[in-house]
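For the protein sequence lines, the chains are A and B, in the order given. Position 72, counted from 1, in the first sequence is what the working numbering calls 72; the numbers after and before it change by one each time, with no gaps. Position 49, counted from 1, in the second sequence is what the working numbering calls 49; the numbers after and before it change by one each time, with no gaps.
For the record, the hints were derived by calculation from the structure and aren't laboratory data. Glycine included, C-beta positions come from ideal geometry on N, C-alpha and C. Just so you know, not all the hints are guaranteed correct.
Computed spacing ranges between beta-carbons, pair by pair [said to hold, decoys possible]:
{"no.": "1", "chain 1": "A", "residue 1": "Leu11", "chain 2": "B", "residue 2": "Ala2", "range": "29 to 35 Å"}
{"no.": "2", "chain 1": "B", "residue 1": "Gly3", "chain 2": "A", "residue 2": "Pro40", "range": "19 to 25 Å"}
{"no.": "3", "chain 1": "B", "residue 1": "Gly53", "chain 2": "A", "residue 2": "Ser59", "range": "34 to 40 Å"}
{"no.": "4", "chain 1": "A", "residue 1": "Val13", "chain 2": "B", "residue 2": "Pro83", "range": "36 to 42 Å"}
{"no.": "5", "chain 1": "A", "residue 1": "Gly60", "chain 2": "B", "residue 2": "Pro39", "range": "27 to 33 Å"}
{"no.": "6", "chain 1": "A", "residue 1": "Pro8", "chain 2": "B", "residue 2": "Leu80", "range": "37 to 43 Å"}
{"no.": "7", "chain 1": "B", "residue 1": "Thr70", "chain 2": "A", "residue 2": "Val13", "range": "41 to 47 Å"}
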Amino acid sequence: KQEVTQIPAALSVPEGENLVLNCSFTDSAIYNLQWFRQDPGKGLTSLLLIQSSQREQTSGRLNASLDKSSGRSTLYIAASQPGDSATYLCAVLYSGAGSYQLTFGKGTKLSVIP
Amino acid sequence: NAGVTQTPKFRILKIGQSMTLQCTQDMNHNYMYWYRQDPGMGLKLIYYSVGAGITDKGEVPNGYNVSRSTTEDFPLRLELAAPSQTSVYFCASQGNYGYTFGSGTRLTVV
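Extracted from the complex, chain A is given alone in its bound form:
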């Protein structure tokens, strides 16, 4: 069974800092890995999708890396802003029970202090 772990569970940083969120998964046979953002009381917004054959993806101030062999991904946020405050979720797509399954970590709650 695939398990996804995100560390830390919560993180507080001053505005302007660069930061890294970590995600690890137990079964390296994944199709892709996706990072989401969730604001309080809201749905999930997709940030970055990394296919299993890729090593990283970038969008603006966000950069996500994938090391499939070690079962790790990181989300790097440059020059953090108060508007980045949210919960960040990592999810891996893999083949389980005869179909594709998306398994989520429990998330990292980020607070950026002005």
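Put chain B on the given structure of chain A with help from the hints.
This is chain B only, laid out in the frame that chain A set:
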């Protein structure tokens, strides 16, 4: 671009009542999913569908049912609501560029 639309956004049910959570997507995605999200527990897969007429159980299917008569619609049915079903429910569809989620339905069973 509507994406994935869920209704209702909020609902309060009494124990033993039934209801259907609606989910519609306009992206012609074959794969659709229902998740529930509880505080501190992450998202758990309830049911999924790989195409019209095909559904299967996820990790936590007890107390729920689904149907998939069309590509667009994937309703989730709660029969005999219980307090343990108080949660936020998310519907999602899967395309070539990853998953798209609806905005969620917050359900309280009292």
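Now for the hints, and whether the structure bears them out:
1. Between Leu11 of chain A and Ala2 of chain B the CB atoms are about 34 Å apart, so this pair conforms to the stated range of 29 to 35 Å.
2. A hinted range of 19 to 25 Å holds for the C-beta pair Gly3 of chain B and Pro40 of chain A, which are about 21 Å apart.
3. Separation of Gly53 of chain B from Ser59 of chain A is about 37 Å and conforms to the stated range, judged on CB atoms against 34 to 40 Å.
4. Distance hint check: the CB atoms of Val13 of chain A and Pro83 of chain B are about 38 Å apart, consistent with the given range 36 to 42 Å.
5. For the pair Gly60 of chain A and Pro39 of chain B, the supplied restraint of 27 to 33 Å holds, since their beta-carbon distance comes to about 30 Å.
6. Checking the proposed 37 to 43 Å range against Pro8 of chain A and Leu80 of chain B shows it holds: the Cβ atoms sit about 40 Å from each other.
7. Separated by about 46 Å at the C-beta atoms, Thr70 of chain B and Val13 of chain A satisfy the suggested range of 41 to 47 Å.
The structure meets every hint from the earlier list without exception.
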